[in-house]
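J.: Protein sequences appear in the order of chains P and L. Counting in UniProt numbering, the first sequence runs from 1 upward without gaps. Counting in UniProt numbering, the second sequence runs from 1 upward without gaps.
Calculated from the structure, these hints are not laboratory results. Heads up, none of these hints are tricks.
Capping the alpha-carbon separation at 30 Å, the derived lysine-lysine pairs in BS3-like fashion look like this:
(1) P:Lys410 <-> L:Lys385
(2) P:Lys681 <-> L:Lys385
(3) P:Lys608 <-> L:Lys430
(4) P:Lys525 <-> P:Lys427
(5) L:Lys255 <-> P:Lys795
(6) P:Lys608 <-> L:Lys425
(7) P:Lys482 <-> P:Lys523
(8) L:Lys429 <-> P:Lys681
(9) L:Lys569 <-> P:Lys608
(10) P:Lys796 <-> L:Lys222
(11) P:Lys665 <-> L:Lys480
(12) P:Lys731 <-> P:Lys681
(13) P:Lys665 <-> P:Lys681
(14) L:Lys146 <-> P:Lys796
(15) P:Lys608 <-> L:Lys542
(16) L:Lys484 <-> P:Lys665
(17) P:Lys619 <-> L:Lys484
(18) P:Lys665 <-> L:Lys410
(19) L:Lys538 <-> P:Lys608
(20) P:Lys795 <-> L:Lys204
(21) P:Lys608 <-> L:Lys448
(22) P:Lys619 <-> L:Lys546
(23) L:Lys569 <-> L:Lys538
(24) P:Lys796 <-> L:Lys204
(25) L:Lys569 <-> L:Lys546
(26) P:Lys665 <-> L:Lys430
(27) P:Lys608 <-> L:Lys487
(28) P:Lys796 <-> L:Lys255
According to the in silico footprint, chain P covers these stretches of chain L (three or more CB under 8 Å from chain P):
(29) 187-193
(30) 300-306
Note that the Cβ used here is the ideal one computed from N, Cα and C, for glycine as well.
Letter by letter, the chains look like this.
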Amino acid sequence: MTQALVHQKYKLAVVSGGKPVLPRVSNRSSSSKTVTCLTHDKANYIVPFNNQIKIYSIETRQCVKTIKFANNETLSKIFHSNEVMVSHISLGDLSDPEDEKYDKITVITNIGDIVVLNYKGKLIEEPKTWKFNELEVDEEVLKVFRNKDQVNVLTSKNKFSPSCSYELYQYSEKKLTSIKSYSNVVISCWSLNEQFLCVLSKDQEKKKTLYVDSIFGDNFHRSFPLPLSGNASGSSNTHFVNVMALDNSCMNLAIGFASGVINVINLEDLSSRILKWHIDSVLSLCFTSDGSYLLSGGWEKVLSFWQLSTNMQQFLPRLNGVIVDVDVVEDKYYSLSLQLAENQTNCDYQLLLLNSSDLTSRLCINGPLCVFRTMVKDVIQPMSAVNSKLSTSSNNLHKLRKKQQRKLLKRKRQDFTCNMEINPLSKHLYFPHISAVQVYDFYKNEQVSYQYLASGINNSMGKVRLELNLRDPMISEVKFTKDGKWMITSEIEYPPEDLLSSNDLVYVLKFWTMNSNSEWTLKTKVINPHGVHAPITEILMAPRVINNSYGCLTADNNGGLKYWSFNNVTKSWSLTRVSLPNVNHFSNSVALAWSLDGSLIFHAFDEKVSVLDFNTFSKLDNDSPSILNEITLDSAVQSLILVNDRNLIIATQTTLNSVNLLSYKVENSFDLYPFVNGVYKNGDLSRLISYDESSGRVALVVNQLPQGEKGKPALQYSSSVVVFDSDLTTKLGIFQHDEYISCIRWNYDTDFIFVDIQCRLGVVSTTTSTEMLDELNREGALDALQSNEFEAQLKKLSGGQRERDHAMGEIGEEDAVFEFINGDNSDKLINMNSFTSMFENIDNVQMDTLFDRVMRVIT
Amino acid sequence: MPSVSQPFRLTVLPKIASLNNFATQTSYLQVADTLTPLTNKINIGISGSAVSQYIVNPTPKLVYNLPIPSTNTVSSCDVAELAAKTEGEDPQEVWCYALVANKVFSLNTLIKPSVATASTSNFGETFENNKVDIKYKAVNVKVYPKRETIVAVLENGLIQTFDFQLKLLHSIDATYGEIFLVQHFTSESGLDFVCMLSELKDKKSCFKLFEVNELTAAIPVKELNSVIIEDCPLKDAKLFYQYGKIYRLCDAEIKVYNLPHFQLAQTINLPFISSNDVISFKAISTNRALLTAQNKIYLLDLLHNATLSERELSHVKTFQLLRTAVIPGNTSDNDKTFAIGVSTKHGANPVSTLDIINVDVGTGTLRDSMGKGFSPRGGKPHTLKSLLSPDNETETEEFDYSRIVEELEKVGSDSTRFDSVFFNKLNVKKDYYTDSDRFLNNEDFLEKVVGVIFDNFVSEYPRALTYLLTHPLFPLSHTKNLLKRFKEHPRLFKQAIVTCPNLPLDDLLHELFTVMNDELSLDLSLRILQDFNRDFIKSSIKKMSKVDTHNFINFVVDENADEERNRNKPRLFQLLSLVLDSVGLFALEDSTLIKLSSFIDDQVRVVQQNIELLNLLEDSTVARSSAGSQFNSSQTEEQVIKPYSVQYLDC
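Whole structure, please, built from the sequences with the hints as guidance.
T.: So, in structure tokens, the structure goes:
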């Protein structure tokens, strides 16, 4: 009975996270990537995310409104897949130009859906929505231009092919009429005031021609061949136009090449001048609205201002990422789109809103930054002059996407897990992000901080060209002591490639503590803690009873185990105990578990789990036959969890087992083989298993790639979260999610938090489910291990009584009484006999006792 | 490790029927609640006989005896030592005991010098003795030496405070009679408390907590908490208080209540005791308790529900605990505590003795409890269940294990029929373990099947055994002496070495030093290095009684063209060095030593040659490059040294 009750109490919801999207980033032919917008009063900034639209107040730098797609039926229908993106956000109601309420925006998606949303107050239940019906199958809305009452729509076809075709429509009375079309478009740009459009197209003979036209009306035409900069014999980068910009008066056209050169062409006389500063490909260009400055950005992580009248140059350096888009917003702000390109497994965008007068940052917007085990689908890397892991070059541009898709479909290993840890003290989520760690507040849904934990080139400047092949140090693991005051990280440093020493990775273990500025400061650093070439495969924090949890175990891939602890005298961490490795057996399937009372360590290595005594730091003596010091499983162990000091949950590549340590019997086992075998890298399954240390519940994520239509697999994952009780006898719930879940963790409360490959954060939550009787019992029994609750209560009782003695006869005793009436009421029913016992010996009883008796019966 | 030792005798009890009757003896023997692990003196009120003091060390001995009339029973007894008031004065002891004689109830005190040494005995001496009659039986007395008071709890629920001259100082009514448990304890902050449990009507009980204060306080004994709990009969229950918890054993079920609010925290079933047993149940350490049932003593961990230690006293019929020295159990003196009990022999006219058992309570951690749990779990063999709902799955298999074992047993020694049953019933497709056999994961079943094979087949084994040797869950219990068994079956022998998990190192080493076959030697060597770490291998070789390393050394040193062996040479050397380290060079025969040294010389020569060749090569290349530089220095320099590459922006 109780189980059914609990079953309903858990629920799964996607509540926060998400990442800002650059809707046009997948369309190579568009120079402008970002779609953002200021609200009517210019005080708020509207940013589309992959799961919602967020509105930030520029004044307070806080998110003031979110429009979540999932919360509205119409919106969730429109944004049904992650292929659908916001192509344009237009202020006001597009269908009703007379609307003067200034609280609406019109959102147009790339597949031609239009929806009118109110951004003030509660979102209306059924927003007004219609569709551009004239669009062909492959045709996507690229941009909507507005000039007073006129609305023109630019669409593109075949956006993934080397050259696509554009169509410009006039929109009136909910109908599109084509007015112009461009074919073989390589790249395009439009002026900020949306008056002029420039298109570069390449004909059959690979001759490139530029067309500049006015968008509204028919008053400006110009076409001329692309002027080639420099000598004709240069590499392909010198011809490859990566980005263009057109100024408002249609006087100047700036062309950025993959080689790093910017060519500014005066459209009056077609004279051109060359601006050289960028070392690698120019990624973004924009004129200010008066045309006096040209803004450019690229791999250097430096925003460059070119004063066109003087050729003087100014810089804004040390930005967080590669500048993939620059925009001028209403003259007052510069909007930058940065890509944190060092993460090659995902597109991590950060939107930066700068004040144009003093260049101070007004807003900095990004989602959780996850580093997945392998690259997820639809990752678009910026163009560079060279081809590297972090970038695409002009040569392999069009092959890449198809190759990636094919690879994803064919591969059996679908390991997109990522690492996430939750700090027990602040409850913030920690995402290791290459050489930094991102701290994310789940409840506020904002980044708290981003701190570099390892020194790499990327920390202060961007990498260009061949530097892109240098790998930054990578944070592989982040852990916290049980009180959340110490952070332990392990990182991997990569030597340069193509050297004899290229495989000599350096492993570093670092111990951090929080300083008063709420920044982590390094206290102890250990280089190659397990010897040269030996990686750290697992870190496990000590339970509270061991040195107040200021200790941790590290394991290598060779069966070795080390215990590090904080020394209160020297105020540093040091190696305290060692268990030697086996030199001839290597495996990355390593897992650790530690009993709550600190006495035993379970060390899984390959398919064996050995039981170690912590005090001797060696295997248990095998003297008596009843004590096993080794458990053999059917395949390599992926994850170990010790629940309530009683059940050892062992996940192998094929099965999930619960072993009762008191009887040494496998009590329950489940078949993981169809979901796990070969899918995850060794050890990564532990990211998908978590357990609630207070109630002993275990949550397991199963990711699946269902068969698409016609038996063909589509790249659309689904996942299930299974919540078990402490010994796996009952499933408390199975919950579905529509995307691949990368990591799940217990939030040190009653819930599990997960992150999916869309960087969305979800929660498997329960409100108050610990009413199940047996669970309560177990909890109470184990609590006694840690705290001396009894003494405290006794003191309170004794003190409370004393106080009451003083306050005899006064009103206000109830509080003191209530404090200790919190008794066990589990198996009690009130019936007509319940109160009879109260009246026995009534004449001699204290008032308190009588009151107590009443409370006992009724509570 | 936690253990219960064999009891030793303190004294033989007088031949009084009630003292030898196991149903009543515990209430007729009152041991003062003064035991700590270091206590040497034990005070016992023996009804109808005497109130006696014994010392335990160096040998159990009676040191003081205070005879009481044979009609009197001792209902409770306590002793406390008074601090010496002036220096040089002998410390004094206060004895307090309550007597019952034909519905006449009395409270008695005795103040005598406490003598530390066992040699002086003071029989016959008389000391200050007080007596006062009370209206009801005193179920518990407690001496507070510092305050010089005695707190007595009477049967009807009165809590009375006396001074040492037995003058009534204070009395408070706890309102309920039928008291079953009275326990005095001191909190960490130094306050004294007394809690009591009394039974009401209809299976209801009342828990009360009192604070014992200084006499000068307004209320010397004051009620702090009172809890009435239903369905908690005390009459047939065994109760004790320990570290903020009350344990109640009733009908083979222990209920644990958290104080001070008396909340039920845990229910533990004890499957190993039956209701007819003579049971006693006492505290011993945090979360641990001693339990006796008939003549068996159990040390239980009530947190992990495990039997830490168990002892059967075969020479007696029953053993019952009277008093224990309770220790926290997390310090180093876990092994020093003890308990006093009364044992009764078999027979119509049995003799009872007071016995002491020493107890090591262990650490109370999971380490002590591992594998010793007593809670029986569902008898159904576990099967591999599907993770999501069944219709989501492609394959699940369930086997009726017990029936298959029965069928296999019936087959007898016909290996083909055995194989057909085995492979068909278990749906095994291949001769070796594959992932689709993961449903065959019941260890008990595998153990039984291997057992059946070893029982029924002697010379020729069925194919099923080969399959089982490849199974990763091959039962551990059969791995010992497995290799010896396969001596005559080279195929199975090799299969076992290569795939069978959990082979013991001793067996492997034994085979390694005896096997003459090179191929098997190599397999054995690799297996040993794969499974065990160096220290363990070394210590195991050292432990072996007779090591003949001759074979093995020959095998490693032997020049051989076998590719596999050459590839694994470094590992073989590793093992060789481990073997030599553990047996010592001087244990080798001369011929072996000579062989070994010549082998090493050979190896060193090869290394030397290599180094020379390398030097030669290096010399020649350096010479050539330097020679070249003389002619065309600028060009070669540019080729050799190229620390930077400069790329120009091409435009």
